[in-house]
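A.B. asks: First to last, the protein sequences are chains A, B and C. Each position in the first sequence, counted from 1, maps to that position plus 7 in our numbering. Each position in the second sequence, counted from 1, maps to that position plus 19 in our numbering. Each position in the third sequence, counted from 1, maps to that position plus 76 in our numbering.
Hints are not guaranteed to be accurate.
[Claimed, not checked] Here are the simulated SDA-like cross-link-like pairs (lysine to any residue), alpha carbons at most 25 Å apart as the crow flies:
(1) B/Lys-151 <-> A/Arg-199
(2) B/Lys-702 <-> A/Asp-140
(3) C/Lys-319 <-> B/Ser-742
(4) C/Lys-225 <-> B/Ser-742
(5) B/Lys-151 <-> C/Glu-110
(6) B/Lys-36 <-> A/Arg-199
(7) B/Lys-36 <-> A/Glu-26
(8) B/Lys-151 <-> A/Trp-25
(9) B/Lys-303 <-> A/Arg-199
[To be verified] Negatives, chain A to chain B, calculated, CB over 10 Å:
(10) Asn-11
(11) Lys-188
(12) Arg-194
(13) Thr-203
Note that these hints are calculated values from the structure, not bench results. Think of the CB as a built atom: it goes at the ideal place given N, C-alpha and C, for glycine as much as any other residue.
Single-letter residue listing:
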Amino acid sequence: MRVNFTVNGRRHEADDVWEGESLLYVLRERMGLPGSKNACEQGECGSCTVRLDGVPVCSCLVAAGQVEGREVVTVEGLADFAAHRSEQHPGSGCASGACGTALDRARRWEAGPAGEERRDTGELSPIQQAFIDAGAVQCGFCTPGLLVAADELLERNPEPSDADIREALSGNLCRCTGYEKILDAVRLAAARAEETV
Amino acid sequence: MGVTGNPTSINQGTRTKGGIGESTLRPDGILKVTGEFAYSSDMWHEDMLWGHTLRSTVAHAEIVSIDTSEALATSGVYAVLTYDDLPSTVKNYGLEIQDTPVLAHGKVRHHGEPVALVAADHPETARRAAAKIRIDYRELPVITDEASATAPDAILVHEGRDDHHAGHVPHPNIVHRQPIVRGDADAAAARADVVVSGEYVFGMQDQAFLGPESGLAVPAEDGGVDLYVATQWLHSDLRQIAPVLGLPEDKVRMTLSGVGGAFGGREDLSMQIHACLLALRTGKPVKIVYNRFESFFGHVHRHPAKLWYEHGATRDGKLTHMKCRIVLDGGAYASASPAVVGNASSLSVGPYVIDDVDIEAVALYTNNPPCGAMRGFGAVQACFAYEAQMDRLAAELGMDPVEFRQLNAMEQGTLLPTGQVVDSPAPVAELLRRVKARPLPPERQWEVAGEQADVRALPGGLSNTTHGEGVVRGIGYAVGLKNVGFSEGFDDYSTARVRMEVIAGEPVATVHTAMAEVGQGGVTVHAQIARTELGVAQVTIHPADTRVGSAGSTSASRQTYVTGGAVKHSCEAVREKVLEMGRRKFGTYHPAWATAELLLEGGKVVTDGGEVLADLVDVLEDEAVDIELEWRHRPTEAFDLRTGQGNGHVQYSFAAHRAVVEVDTELGLVKVIELACAQDVGKALNPLSVVGQIQGGTIQGMGIAVMEEIVVDPRTAKVRNPSFTDYLLPTILDTPTIPVDVLELADEHAPYGLRGVGEAPTLSSTPAVLAAIRNATGLELNRTPVRPEHLTGT
Amino acid sequence: MDFLRPASWEEALAAKAEHPTAVPIAGGTDVMVEINFDHRRPEYLLDLNRIGELSEWEVGQENVRLGASVPYSRIMEHLRTELPGLALASHTVASPQIRNRGGVGGNLGTASPAGDAHPALLAAGAEVEAESVRGTRMIPIDAFYTGVKRNALAPDELIRAVHIKKADGPQQFSKVGTRNAMVIAVCAFGLALHPGTRTVRTGIGSAAPTPVRAREAEEFLSAALEEGGFWDSRAIITPSVAKQFAALAAGACNPIDDVRGTASYRRHAVGIMARRTLGWTWESYRGNGRSTEGAA
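Build the full structure now, drawing on both the sequences and the hints.
C.D. replies: Laid out in structure tokens, this is it:
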């Protein structure tokens with residue numbers, strides 16, 4: 008079957024999609040967006056978390072056909088999504104499209120030879136920067152899903168308590184960090200946001 | 020065209036200028052947070068096929084027949100392979116003993132053993148075709164424990180063993196046996212005022228790395244193959260892969276892809292050979308990605324164990340003797356079982372001084388899932404048991420459990436049961452003191468003034484099982500002893516190639532090793548070492564591959580020590596070469612070139628007094644210095660097979676934990692409130708990474724204490740819970756706060772005085788949690804993980 | 077496999093009538109796991125996501141008419157007052173991501189004894205609005221669960237909504253799992269006090285082949301409360317009454333040993349949860365709710 012939907016602000020079309028494919032598979036294998044991760048494919052780990060019409064969901068449990076005409080934000084588009092939210096629509100996320108160049112960037116990374124890491128903007132979303140700074144990234148396989156979930160938490164609740172952070176991230180498994188530095192990262196992103204207000 | 024998702028060279032930007040000892044940030048951090056970091060499952064190639072593995076549905080059976088005709092006739096299928104299609108006379112592989120068939124032949128020995136392979140144009144096509152392969156099994160009785168393995172009429176899991184352990188084991192279903200005898204345990208037992216003995220059971224833990232086994236094999240024009248894969252040791256893989264493919268090693272070119280965690284579970288091969296076989300057969304690139312269900316069958320697990328211990332002590336609290344027998348279930352194939360036996364036996368005494376010991380450890384061959392390396396291998400199981408014994412002895416003697424441990428703690432100079440002297444700092448008593456001295460976390464944190472009870476802070480969490488009813492706090496302590504690096508005479512070396520040149524007007528170092536970065540932060544540390552040794556800001560970490568010599572495994576807490584040591588060693592050689600060039604060019608201009616101790620700092624050659632002699636840019640000009648060297652730690656010896664004597668270990672690592680738990684004693688649910696850790700790391704090359712390792716290791720230890728276990732049906736030897744629905748990993752709502760206290764007492768034998776970090780916290784965390792639960796409930800609890808049934812007597 | 081994408085409820089009913097083996101998919105949190113793990117290959121997937129009304133609810137005089145696909149996160153957020161038991165149960169469902177997708181219709185369709193919504197629905201009292209091209213029928217929740225993962229739906233029927241009685245008294249829900257979040261129930265217990273009718277209702281999950289009510293326990297407690305004049309006096313319930321209620325609740329279980337827990341533990345835990353939830357609801361009824369209602 009054919010499926011059309013918007014990812015990170017760009018229209019996408021996928022052909023010859025097998026009806027049993029998940030959104031995760033289509034993103035990873037058909038659209039060149041492998042940032043969302045395939046750790047469990049049973050909704051238990053959150054590594055594949057994306058925003059579907061703004062709502063965080065496990066993309067492994069969304070049938071590809073269910074996304075027809077809808078809007079998806081993945082980790083590859085998170086920086087632009089966050090930038091658009093703070094610049095254009097303070098206080099809300101952008102699920103309306105034309106949010107930037109994340110896909111382009113991802114595409115060029117894939118096509119490029121090894122050894123040439125380039126970034127157009129050098130910009131990361133606050134939560135991405137906080138994960139790096141706090142040491143919340145080890146193997147990094149859980150990171151994309153955690154970033155999407157944590158970004159949505161801070162959008163909803165800019166000053167979460169530790170218990171709020173734990174609850175919001177309880178659907179995202181991490182095997183490397185013991186979660187302490189992930190908590191640090193979310194606290195750091197929240198504190199930095201408060202400073203800039 | 021070409022492979023996409025190729026691993027990238029990582030450039031440390033000018034933002035991070037730190038050398039060793041600084042918490043510089045990960046060079047791969049940006050790629051990992053933007054989703055651009057290419058993990059092994061992210062590989063994609065035009066025209067690639069998908070490989071699929073058909074696995075046995077029974078644990079032990081003769082294969083009567085395999086019919087692949089219908090699968091082969093399926094549209095979209097390019098190849099179906101069985102044992103009969105293997106191209107070489109070498110058809111087995113294995114880390115130490117080559118007992119593992121690439122595809123089952125004549126017999127399957129465990130549930131989920133690979134039997135056939137399919138390559139097709141879509142994963143679903145491959146799955147449907149695999150379902151059409153007909154295998155006729157004749158089931159055999161299953162061997163599942165020591166009694167069934169060593170019964171007089173036991174079926175041999177492996178007939179006709181001729182491996183190097185076969186000659187000294189008491190039964191062919193025992194992989195390896197290591198006794199250690201020192202002093203006279205029976206005579207010493209007569210001096211004991213108190214004797215405590217117990218039997219302990221340790222469940223089967225899974226590494227549960229989040230990135231499933233995966234990779235891409237691309238056939239090459241020269242008849243060879245390029246393999247992109249997530250592994251812990253490229254060269255060990257290569258040594259096992261090439262002979263099975265019938266290719267020389269230089270025709271199997273391996274590149275490390277992004278690794279989504281490892282923890283020991285990627286030390287053995289999984290899909291590597293399978294993908295290469297399919298690629299070579301079809302002439303097309305083949306990608307294999309396990310799903311979570313398959314991943315539970317795709318790698319070895321932590322050995323479950325039964326441990327019997329006896330300890331004695333005098334009235335004044337001094338240990339008199341220890342006897343123990345440790346039976347590890349290695350499952351159907353050897354994997355790392357011999358090394359696990361070596362660790363379990365030689366570290367069975369723990370970080371204590373006991374002169375008279377009688378120790379035996381064995382690993383069994385059974386039809387259970389194969390077990391091998393997992394963080395803390397062998398030492399973890401022993402620590403769970405001996406720390407329970409320490410608490411029981413302290414209780415018998417009416418002593419404080421921490422004081423009792425401190426009274427018997429080993430220190431530098433202590434003689435181990437193997438006869439080896441601990442010749443570097445061993446601050447066991449101090450680590451215990453530090454965790455004990457910490458203030459306790461506040462009680463009843465679920466109570467919020469004027470508000471409803473916050474169930475997130477209570478046992479049961481969001482499930483709303485208690486609002487404080489039945490909840491009792493408990494506190495427990497434990498400390499552990501782990502070896503660092505490969506022991507028992509293994510030639511444990513690493514290789515580093517370091518290049519220094521001027522690029523765009525700046526001196527740049529490139530570090531090329533085959534070290535598997537599995538998340539631990541080796542790439543961060545290598546750049547720090549190069550900066551410290553070569554005085555450059557810019558360091559490029561070359562992708563890990565087999566174009567450079569072996570780095571050894573990312574396991575046994577060894578990489579910072581051994582490959583870090585190799586990087587340091589090669590950097591020193593590069594520095595010498597650069598200084599030589601400097602002397603040649605500029606030596607006549609300044610006497611210090613000949614007389615002073617010279618360093619490279621801030622892009623310049625400086626004297627130890629800080630005087631600048633030259634810019635590196637001017638020394639190097641358009642020349643590059645490029646040196647590849649091996650480096651090895653001091654040699655070790657094998658343990659004597661009869662007495663266990665020998666200088667078997669390189670270095671030791673120590674951590675202590677205090678666990679604070681709250682137990683709903685009526686429902687048997689546990690909430691771990693805090694796991695405080697103190698660990699000696701010798702020298703923290705990157706403090707942020709060190710703390711991250713300690714916290715992560717701590718939580719893996721907590722997992723096996725309260726929830727993680729692969730459950731194997733004892734009647735069928737089949738795995739009952741191969742999914743993340745029923746194999747439970749701790750979530751962020753299960754994990755406690757983890758304050759970490761890092762000691763840095765240098766080991767003078769090691770580079771920079773550092774000590775391997777990764778495994779020690781996994782040892783002591785489990786027994787500390789168990790001790791705390793015992794403290795809260797008063798129950799004996801000789802098994803881990805603890806289940807609600809055990810706590811409620813139901 | 078075919079993917080059917082009806083744009084309206086009528087189209088969905090027509091598709092189900094034409095293809096009775098079609099598997100409805102809404103949140104996908106059950107169906108997609110089975111597909112990803114190759115446990116199920118339905119001939120047709122019937123996507124219900126495009127039917128907006130399934131994600132809506134109406135609060136009436138007596139009942140809440142809850143669309144089959146209203147996500148658990150919306151129930152937690154918006155229906156805490158009307159459906160406190162179901163809101164608590166919703167909060168225990170899997171993870172935030174799953175709660176954003178899954179709804180009660182899926183729980184009912186799968187009819188697993190471990191479904192988190194069932195005990196709350198049984199305790200509150202509910203009817204399932206099932207519809208086919210042949211017409212609509214209301215299936216009482218007590219008659220809905222017919223066996224292990226089987227329900228009373230006809231092959232051509234779809235669940236449109238659930239009509240749940242609005243709470244007229246305190247309700248509680250409690251579930252045992254060996255993890256503090258994202259866990260499938262080892263067993264679960266729901267309790268609703270109905271002061272209007274001076275009755276109590278219960279629901280037990282994961283401790284019998286189907287979700288069940290502890291009828292004897294309900295009858296015992298209703299009688300004890302009535303006879304003791306507790307509804308009027310709002311006095312503290314006698315410990316012996318709570319104990320007997322717990323024992324009868326445990327006795328209503330017919331559990332098995334499985335990889336998640338033993339039968340005897342399940343019986344034991346249901347008894348403990350029965351006693352505790354009774355304590356919490358009764359304290360709340362007495363007017364001391366703030367300190368006893370669990371919150372997160």
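A.B. asks: Next step is simple, just say for each hint if it's right about the structure.
C.D. replies: To see whether the hints hold, each was checked on the structure:
Of the supplied pair hints, the one linking B/Lys-151 and A/Arg-199 is violated, its CA atoms being roughly 57 Å apart against a limit of 25 Å. Distance restraint check for B/Lys-702 and A/Asp-140: the Cα-Cα separation of roughly 22 Å lies within the 25 Å cut-off, and the hinted pair is therefore satisfied. A threshold of 25 Å between alpha carbons decides the hint, and for C/Lys-319 with B/Ser-742 the separation of about 38 Å lies outside it, so the pair is violated. At roughly 20 Å between alpha-carbon atoms, C/Lys-225 and B/Ser-742 fall within 25 Å of each other, so this suggested pair holds.
A hinted pair counts as satisfied when its Cα atoms are at most 25 Å apart, and B/Lys-151 with C/Glu-110 qualifies at roughly 19 Å. Under the criterion of a C-alpha separation no larger than 25 Å, the hint pairing B/Lys-36 with A/Arg-199 is consistent with the structure, at around 24 Å. The suggested pairing of B/Lys-36 with A/Glu-26 is violated, with an alpha-carbon distance near 51 Å, which exceeds 25 Å. Note on B/Lys-151 and A/Trp-25: the hinted pairing holds, with a Cα-Cα distance of about 20 Å set against a maximum of 25 Å.
Of the pairs offered as hints, the one joining B/Lys-303 and A/Arg-199 is violated, with about 50 Å between alpha carbons and a cut-off of 25 Å exceeded. Listed as a non-interface residue, A/Asn-11 keeps its Cβ farther than 10 Å from every Cβ of chain B; the least gap is roughly 21 Å. Non-interface call for A/Lys-188 relative to chain B: violated, since the shortest CB-CB distance, roughly 6 Å, does not exceed 10 Å. At roughly 13 Å, the least C-beta separation between A/Arg-194 and chain B is larger than 10 Å, which holds for a residue marked as non-interface.
Interface exclusion of A/Thr-203 from chain B stands, the closest Cβ pair being 20 Å apart, more than 10 Å.
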